[in-house]
Amino acid sequence: MSYFDYSHFQNRPEEVKQSLTYMITKASEAKRIIEDLIYLLNQEESVPYPDMLEKFTSVVSTFSQLQTSFRRSGIPTLSQEDHGLILRTNVLVPQLLSLEPNPQLQETLENRVHSWNHEVAPVYLSTKGTPEIENEEAALEQERQSKAHDLINKQISAMNKHVDALVIQLQALEKLATNEADAKPTYSEEETRKLVRAIMNGDTISIRPAKVQPQNVPPGGMMGQQPPVPGMPPMMRR
Amino acid sequence: MLLYSPTHIALAAFKYALDAQARAVELTREFLQRISGVDETHHGKEYESHLELILYGSLKEAYKEQFYARLSGLCDKGYREFHEHELSFSLKVGGPMSMGSDVTVRLRREFHSDAFHPTANKWHMRYIGTPEPIAHCPVIVRKVIDSVVSSNNMMEFVKSLGLRMDYEYITKGRVYTNGGFKVIVNDLRKTETPGKYEQGLKPISTAESLLIEVATSLPESADYDKEAKMLRAFADQLRPLVKMEKIDYWKK
Numbered sequence: 001m002s003y004f005d006y007s008h009f010q011n012r013p014e015e016v017k018q019s020l021t022y023m024i025t026k027a028s029e030a031k032r033i034i035e036d037l038i039y040l041l042n043q044e045e046s047v048p049y050p051d052m053l054e055k056f057t058s059v060v061s062t063f064s065q066l067q068t069s070f071r072r073s074g075i076p077t078l079s080q081e082d083h084g085l086i087l088r089t090n091v092l093v094p095q096l097l098s099l100e101p102n103p104q105l106q107e108t109l110e111n112r113v114h115s116w117n118h119e120v121a122p123v124y125l126s127t128k129g130t131p132e133i134e135n136e137e138a139a140l141e142q143e144r145q146s147k148a149h150d151l152i153n154k155q156i157s158a159m160n161k162h163v164d165a166l167v168i169q170l171q172a173l174e175k176l177a178t179n180e181a182d183a184k185p186t187y188s189e190e191e192t193r194k195l196v197r198a199i200m201n202g203d204t205i206s207i208r209p210a211k212v213q214p215q216n217v218p219p220g221g222m223m224g225q226q227p228p229v230p231g232m233p234p235m236m237r238r
Numbered sequence: 001m002l003l004y005s006p007t008h009i010a011l012a013a014f015k016y017a018l019d020a021q022a023r024a025v026e027l028t029r030e031f032l033q034r035i036s037g038v039d040e041t042h043h044g045k046e047y048e049s050h051l052e053l054i055l056y057g058s059l060k061e062a063y064k065e066q067f068y069a070r071l072s073g074l075c076d077k078g079y080r081e082f083h084e085h086e087l088s089f090s091l092k093v094g095g096p097m098s099m100g101s102d103v104t105v106r107l108r109r110e111f112h113s114d115a116f117h118p119t120a121n122k123w124h125m126r127y128i129g130t131p132e133p134i135a136h137c138p139v140i141v142r143k144v145i146d147s148v149v150s151s152n153n154m155m156e157f158v159k160s161l162g163l164r165m166d167y168e169y170i171t172k173g174r175v176y177t178n179g180g181f182k183v184i185v186n187d188l189r190k191t192e193t194p195g196k197y198e199q200g201l202k203p204i205s206t207a208e209s210l211l212i213e214v215a216t217s218l219p220e221s222a223d224y225d226k227e228a229k230m231l232r233a234f235a236d237q238l239r240p241l242v243k244m245e246k247i248d249y250w251k252k
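Heads up: the protein sequence lines correspond to chains A and B, in order. If you use UniProt numbering, the first sequence corresponds to residues 1 to 238, in order. If you use UniProt numbering, the second sequence corresponds to residues 1 to 252, in order.
There could be a bad hint or two in this list.
Claimed, not checked - Across the chosen pairs, the derived CB separations fall in these ranges:
| hint | chain 1 | residue 1 | chain 2 | residue 2 | range |
| --- | --- | --- | --- | --- | --- |
| 1 | B | Ala-10 | A | Asn-117 | 24 to 32 Å |
| 2 | A | Lys-128 | B | Gly-78 | 49 to 57 Å |
| 3 | A | Asn-42 | B | Asp-225 | 39 to 47 Å |
| 4 | A | Leu-109 | B | Lys-226 | 29 to 37 Å |
| 5 | B | Leu-11 | A | Ile-24 | 14 to 22 Å |
| 6 | A | Ile-24 | B | Ala-222 | 46 to 54 Å |
| 7 | B | Asp-236 | A | Asn-42 | 49 to 57 Å |
| 8 | A | Glu-107 | B | Ala-222 | 51 to 59 Å |
| 9 | B | Gly-78 | A | Pro-103 | 44 to 52 Å |
| 10 | B | Arg-239 | A | Leu-166 | 21 to 29 Å |
| 11 | A | Lys-154 | B | Ala-10 | 32 to 40 Å |
| 12 | A | Glu-189 | B | Ala-222 | 28 to 36 Å |
Everything labelled a hint here was simulated from the structure, so no lab data went into it. Yeah, the Cβ is synthetic: ideal placement off N, Cα and C, and Gly gets one too.
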């Protein structure tokens, strides 16, 4: 992406440029991962869960990197954390407003903004938050101030008690489950041995008469019978 | 204000769809290879020799549904049902002094009452070697040679080779896969008289249990330690429903 050179209008052009490029790369990385996530979610049943979970962690890490970078105003090489001082003291002054669609702008911003005109500029440059969020925050702030100090403490301890009670209940449930599992065995080791010996050695299902070795348990049911020469199953006869 | 551009998303979606098609083909081939142990790309090869790592366990039939639910969460999506008939033949080797060094060959095919089913003539021939007696390995390691053959008169052929049938059984169940591992749930039945499959077949198990196998294949003479540990870890995830073990069936 190419930008016009702002140097003759700016106090600290290099740093602002570095900061902008860093923030843009991080933001577009996050955007790409979110798009991948949307595609994955659309797959519904056949979504590969490990991939999706990995994507979640990478988007979280990208966002947190972006957030921590604000302590240094988004400039990786800054020696001290200025907590965004450089960015905050950098004034944005629109140089040109035009009503015609600007193809370069359209391309860079992927058709989100068609022209830098009188309607778009104030919206993008506003520093006040959206009204709904402002209202919510104001309401929360009011609630916080109106409550008495010890009432808040009481609420906190009541909440802690609830959480502890829940944790104890969950542990009790888990113990119950494991106890039940112990009481009702879902498998028998002896049975496993018998089955494996049956299919691998032919114990209990062999049609051969007992071998000479005395330890062998004679195969059940078929003793003394001449084994039919490899039985052609009736269905195979033509 | 749009938060993301529709064209960009569509492009990303097309790219992924194309990749997905290529991935699907690769996965199908890998799936078939893992299931059968036979590499379908080697058209010239008539048989495939490889190492099999396997563990056995059993499950009471009452808990079958629970187990299937656990497997569908643990394994790749979907399962395959099978209904197969396996016969075990052996060739007696040597004179009266040799003690049971018979060569045993197993023949397996899909079970159909109708003799004219297209797969009735397709046989899977398998030689399973004696497991290697390594104490520290947590799984059974054995050499296996597989081959798929088509024959109208298989019985005559094996008889003329000198192989005599030892035993047979019918197995019905499902196969689940997880990457290279396959989990096979078997309901084993034996025949009252060899050759007769129409009447009700009795189960081999006396306690209404299903046999569970967890297995994976490796190329011959590969280092199997790492795979064995991974197989063991995967099998342990099936607890407490099933306890997979290294059953030493070859010891008398």
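Evaluated hints:
1. At about 27 Å, the CB distance of B/Ala-10 to A/Asn-117 agrees with the hint of 24 to 32 Å.
2. Checking the proposed 49 to 57 Å range against A/Lys-128 and B/Gly-78 shows it holds: the Cβ atoms sit about 53 Å from each other.
3. In this structure the hint that A/Asn-42 and B/Asp-225 lie 39 to 47 Å apart at CB holds, the actual value being about 41 Å.
4. With their beta carbons about 50 Å apart, A/Leu-109 and B/Lys-226 fall outside the hinted range of 29 to 37 Å.
5. At about 20 Å, the beta-carbon gap between B/Leu-11 and A/Ile-24 stays in the expected band of 14 to 22 Å.
6. Taking 46 to 54 Å as the suggested C-beta distance range, the pair A/Ile-24 and B/Ala-222 conforms, at roughly 48 Å.
7. For B/Asp-236 and A/Asn-42, the Cβ-Cβ distance of about 34 Å falls outside the hinted range of 49 to 57 Å, so the restraint is violated.
8. Separated by about 53 Å at the C-beta atoms, A/Glu-107 and B/Ala-222 satisfy the suggested range of 51 to 59 Å.
9. Against the hinted window of 44 to 52 Å, the Cβ-Cβ separation of B/Gly-78 and A/Pro-103 comes to about 49 Å, which satisfies the hint.
10. In this structure the supplied range 21 to 29 Å holds for B/Arg-239 paired with A/Leu-166, their Cβ-Cβ distance being about 27 Å.
11. Here the CB-CB span from A/Lys-154 to B/Ala-10 is close to 55 Å, at odds with the stated 32 to 40 Å.
12. Restraint check, A/Glu-189 to B/Ala-222: a C-beta distance of roughly 30 Å satisfies the suggested window 28 to 36 Å.
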